[in-house]
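Participant: Residue strings, one per chain:
2 protein chains.
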Amino acid sequence: MIVEIVSTGDELITGSIVDTNASFLSSEFLELGILVKRCHVVGDDKKDIQAVLKEISLRADIVIVTGGLGPTKDDLTAEIAVEVTGDELIFNKHAFEHMEAFFKERHFEMSDINKKQAYLPSKSIIIQNDCGTASGFYLNHGKSVFYFLPGVPFEMKAMFKKRVLPDICGKFEISHRLKKKITLFGVPESKAAQNLEDFEKQFPDMKLGFRAAFPIIEIKLLSSVVLDNIKIKKDFKNASEWILSRFDPSQIVSAERLSMEEEVARLLIEKKKTIAVAESCTGGLIANLLTDVPGSSAYFLFSVVTYSNEAKINILDVSQKTIIDYGAVHENTAEEMAKGVMGKAGADFGISTSGIAGPTGGTEDKPVGTICIGFAKQGFSTARTYCLDFHDRSKNKKIFAYTCLNYLRKKLL
Amino acid sequence: MIVEIVSTGDELITGSIVDTNASFLSSEFLELGILVKRCHVVGDDKKDIQAVLKEISLRADIVIVTGGLGPTKDDLTAEIAVEVTGDELIFNKHAFEHMEAFFKERHFEMSDINKKQAYLPSKSIIIQNDCGTASGFYLNHGKSVFYFLPGVPFEMKAMFKKRVLPDICGKFEISHRLKKKITLFGVPESKAAQNLEDFEKQFPDMKLGFRAAFPIIEIKLLSSVVLDNIKIKKDFKNASEWILSRFDPSQIVSAERLSMEEEVARLLIEKKKTIAVAESCTGGLIANLLTDVPGSSAYFLFSVVTYSNEAKINILDVSQKTIIDYGAVHENTAEEMAKGVMGKAGADFGISTSGIAGPTGGTEDKPVGTICIGFAKQGFSTARTYCLDFHDRSKNKKIFAYTCLNYLRKKLL
Numbered sequence: 260m261i262v263e264i265v266s267t268g269d270e271l272i273t274g275s276i277v278d279t280n281a282s283f284l285s286s287e288f289l290e291l292g293i294l295v296k297r298c299h300v301v302g303d304d305k306k307d308i309q310a311v312l313k314e315i316s317l318r319a320d321i322v323i324v325t326g327g328l329g330p331t332k333d334d335l336t337a338e339i340a341v342e343v344t345g346d347e348l349i350f351n352k353h354a355f356e357h358m359e360a361f362f363k364e365r366h367f368e369m370s371d372i373n374k375k376q377a378y379l380p381s382k383s384i385i386i387q388n389d390c391g392t393a394s395g396f397y398l399n400h401g402k403s404v405f406y407f408l409p410g411v412p413f414e415m416k417a418m419f420k421k422r423v424l425p426d427i428c429g430k431f432e433i434s435h436r437l438k439k440k441i442t443l444f445g446v447p448e449s450k451a452a453q454n455l456e457d458f459e460k461q462f463p464d465m466k467l468g469f470r471a472a473f474p475i476i477e478i479k480l481l482s483s484v485v486l487d488n489i490k491i492k493k494d495f496k497n498a499s500e501w502i503l504s505r506f507d508p509s510q511i512v513s514a515e516r517l518s519m520e521e522e523v524a525r526l527l528i529e530k531k532k533t534i535a536v537a538e539s540c541t542g543g544l545i546a547n548l549l550t551d552v553p554g555s556s557a558y559f560l561f562s563v564v565t566y567s568n569e570a571k572i573n574i575l576d577v578s579q580k581t582i583i584d585y586g587a588v589h590e591n592t593a594e595e596m597a598k599g600v601m602g603k604a605g606a607d608f609g610i611s612t613s614g615i616a617g618p619t620g621g622t623e624d625k626p627v628g629t630i631c632i633g634f635a636k637q638g639f640s641t642a643r644t645y646c647l648d649f650h651d652r653s654k655n656k657k658i659f660a661y662t663c664l665n666y667l668r669k670k671l672l
Numbered sequence: 260m261i262v263e264i265v266s267t268g269d270e271l272i273t274g275s276i277v278d279t280n281a282s283f284l285s286s287e288f289l290e291l292g293i294l295v296k297r298c299h300v301v302g303d304d305k306k307d308i309q310a311v312l313k314e315i316s317l318r319a320d321i322v323i324v325t326g327g328l329g330p331t332k333d334d335l336t337a338e339i340a341v342e343v344t345g346d347e348l349i350f351n352k353h354a355f356e357h358m359e360a361f362f363k364e365r366h367f368e369m370s371d372i373n374k375k376q377a378y379l380p381s382k383s384i385i386i387q388n389d390c391g392t393a394s395g396f397y398l399n400h401g402k403s404v405f406y407f408l409p410g411v412p413f414e415m416k417a418m419f420k421k422r423v424l425p426d427i428c429g430k431f432e433i434s435h436r437l438k439k440k441i442t443l444f445g446v447p448e449s450k451a452a453q454n455l456e457d458f459e460k461q462f463p464d465m466k467l468g469f470r471a472a473f474p475i476i477e478i479k480l481l482s483s484v485v486l487d488n489i490k491i492k493k494d495f496k497n498a499s500e501w502i503l504s505r506f507d508p509s510q511i512v513s514a515e516r517l518s519m520e521e522e523v524a525r526l527l528i529e530k531k532k533t534i535a536v537a538e539s540c541t542g543g544l545i546a547n548l549l550t551d552v553p554g555s556s557a558y559f560l561f562s563v564v565t566y567s568n569e570a571k572i573n574i575l576d577v578s579q580k581t582i583i584d585y586g587a588v589h590e591n592t593a594e595e596m597a598k599g600v601m602g603k604a605g606a607d608f609g610i611s612t613s614g615i616a617g618p619t620g621g622t623e624d625k626p627v628g629t630i631c632i633g634f635a636k637q638g639f640s641t642a643r644t645y646c647l648d649f650h651d652r653s654k655n656k657k658i659f660a661y662t663c664l665n666y667l668r669k670k671l672l
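Taken in order, these protein sequences are the chains called A and B. First residue of the first sequence: 260, per the working numbering; consecutive thereafter. First residue of the second sequence: 260, per the working numbering; consecutive thereafter.
If you're looking for bench data, these hints aren't it; they were derived computationally from the structure. One or more hints might be untrue.
If chains are identical, the list can't say which one is meant, so a pair holds when it fits in one copy or spans any two.
Said to hold, decoys possible - Straight-line distance between alpha carbons at most 30 angstroms, and here's what the computed DSSO-like set of lysine-lysine pairs gives: (1) Lys-657 to Lys-402; (2) Lys-670 to Lys-421; (3) Lys-416 to Lys-450; (4) Lys-305 to Lys-450; (5) Lys-306 to Lys-402; (6) Lys-657 to Lys-440; (7) Lys-654 to Lys-440; (8) Lys-363 to Lys-654; (9) Lys-670 to Lys-416.
Values in this document were obtained by computation on a predicted structure and should not be read as measured data.
For reference, chain A alone in the conformation it holds in the complex (with noise of 0.2 angstroms):
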């Protein structure tokens, strides 16, 4: 089965955004175990778009064609598919009576530019947008079904979900496939690769996607289709316990689709245990990971960003003489400023970190990229240094904030 993907939209082609739509769709139709052929971006253009419609109604089975359905002179995407398919625009109803009602539920008055997004071609049947005013539709062209949906993220994904997914599968008898997704932490994208290169050889049969995310790595095994056969579900079982084999187990952050940040705190929780953290070099980003998670504040009671070495002895009664002796970046300090951290907010546990994120402020001792981090529990406290440096700012704080958030994971289970 082909499936191409097109996004439309002058805003892609000047890369003023980035084209995130399309890697969904991929996504999406892997899940269902389908490779995306061919995917396209063009500007808002009525010849080239129609040149690429045109071109691709030879041969594919399934295109998604996203953007162009909006209230402007710009948006022209129902236009160009009654040109391509020789059809006409004709006044639906159920999209005036949904934007009728999207406006009043707002309490906004429609404007009469939006009257445009009623008008679909007439060969078409309509695809119900609950989370905005541009309706999509689908049609049969040449080869192919064209399903036409808006280009704002999340009114394509939500019509995606809900309405195009569950006609692809009618249309196209699409099954049942088992999906798991593993992530982890500590291994470099060439060496998970490679870790997995036999992969394909062993499981003829399943799929793996593989994403990194810096600098977390996600795995995502899909297995053949599912007919109620023990075999496959074996096999599935097998190819599971493959990959997690093919690394230590300390770098398995979690086999449940969980981000790092979900499984710090699913364990906090299971273990109905709290958190304070102290930040130096990370600057709040391990408090920001830690706080993304609805109801962290079951756990995470406080935290804070000590970048001078007042704030460490002040805040979090670091001793001075160890600051003089050791520096603000070092294990002896890391470990105190957990310790003072657990003290102040009364938690079970305290983390922390100090090192360099650099560009400057590095040393032949202490380069840029070294990190201290600090864990305390009652009566325990220790520290360890790692070094670390990704030639950006940004990117070690990352890898800084992950590693302690990593060192922690590991404490609790």
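Assemble chain B onto chain A, guided by the hints.
Facilitator: Showing chain B alone in chain A's frame:
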């Protein structure tokens, strides 16, 4: 002039990674005054890539192809290039020596599979890669000049800027243009577009780029070709001023290419002032943004994330009575937090946030999206409440943090 971009790699058509290379390249070409005609994404499939390259060579002047220059068996680009152009791969001494030096400098041994990367099409010219092992190359075929670059973004970007751009400017006589980037905050995307609707009519020779990176909007202005022409310089100045006049001055963060955090940093350094931050619902994001700016230790003294009431009382000296009488999410509490953190840190300014990021925790009086921002300086403190719900925890945290930074920015003007 027709420019097309081809991004290759299975990781793109599985949705594993988003194709940021195409948007980078599109944006670079726009700065030359060239709107890219089409972008293509294809997997690591020989036939698919061949078909795309042949098709494009009939119409494009410049083609940039990224990906597939690595050492593994999936990396097929050089092979495909010779098949399409009827050329052959030959050993390139420069490419080989470059790799040797690259590995030697990093104290790694070059593995055998890397040798493949030294074979380039005989009729091509090498494009040196200073950051990796994959040399690029360019060649003429059909109507087009094809530039082949690696897919790793930081290698590709460096090679494009350093070697491809000068080559294109030489070959195609592309001339100097004036550029400006304006950063906006607090204006909805649709409203910003509407404000600038007449731009093309007013300044037909200039180009306007538009980028929404929530919650910031960036506007790029590009003049027509400058040939020491006083009129164009004057027109450009008029166009800049026209754009700025279309917005409320408080919405303009920077007309000098700076981000919100960079502009706040610039103002703090210019005025020789220091800052301390007390965050509740923003969970460390403000501190993280401020410390993303290199050299932030010059003005950033200290921050806390006080989720719990105890922490607000114990660390920030917020009075228990204030919290009991008004609650944690209240202007009085936010004001005391700002005063408290300023005092603890001995900073010139204190800022604070207390609000409800959601998805839970909202009430009828204080719905999700409620954010109180506190501000303190010597002898003065104040607070304000906003209601900004974007139906997404991360988005709410972002808009809260930027609203707070913008509040500080305006106080610094």
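Participant: A separate judgement is required for each hint: does it hold in the structure or not?
Facilitator: So, going through the hints one by one against the coordinates:
no.	hint	in the structure
1	Lys-657 to Lys-402	neither (47 angstroms within a copy, 45 angstroms between copies)
2	Lys-670 to Lys-421	neither (41 angstroms within a copy, 46 angstroms between copies)
3	Lys-416 to Lys-450	between (33 angstroms within a copy, 24 angstroms between copies)
4	Lys-305 to Lys-450	between (46 angstroms within a copy, 25 angstroms between copies)
5	Lys-306 to Lys-402	both (21 angstroms within a copy, 21 angstroms between copies)
6	Lys-657 to Lys-440	both (22 angstroms within a copy, 28 angstroms between copies)
7	Lys-654 to Lys-440	both (24 angstroms within a copy, 25 angstroms between copies)
8	Lys-363 to Lys-654	between (46 angstroms within a copy, 25 angstroms between copies)
9	Lys-670 to Lys-416	neither (38 angstroms within a copy, 40 angstroms between copies)
Violated hints, listed in ascending order, are 1, 2, 9; each of the other numbered hints is respected by the structure.
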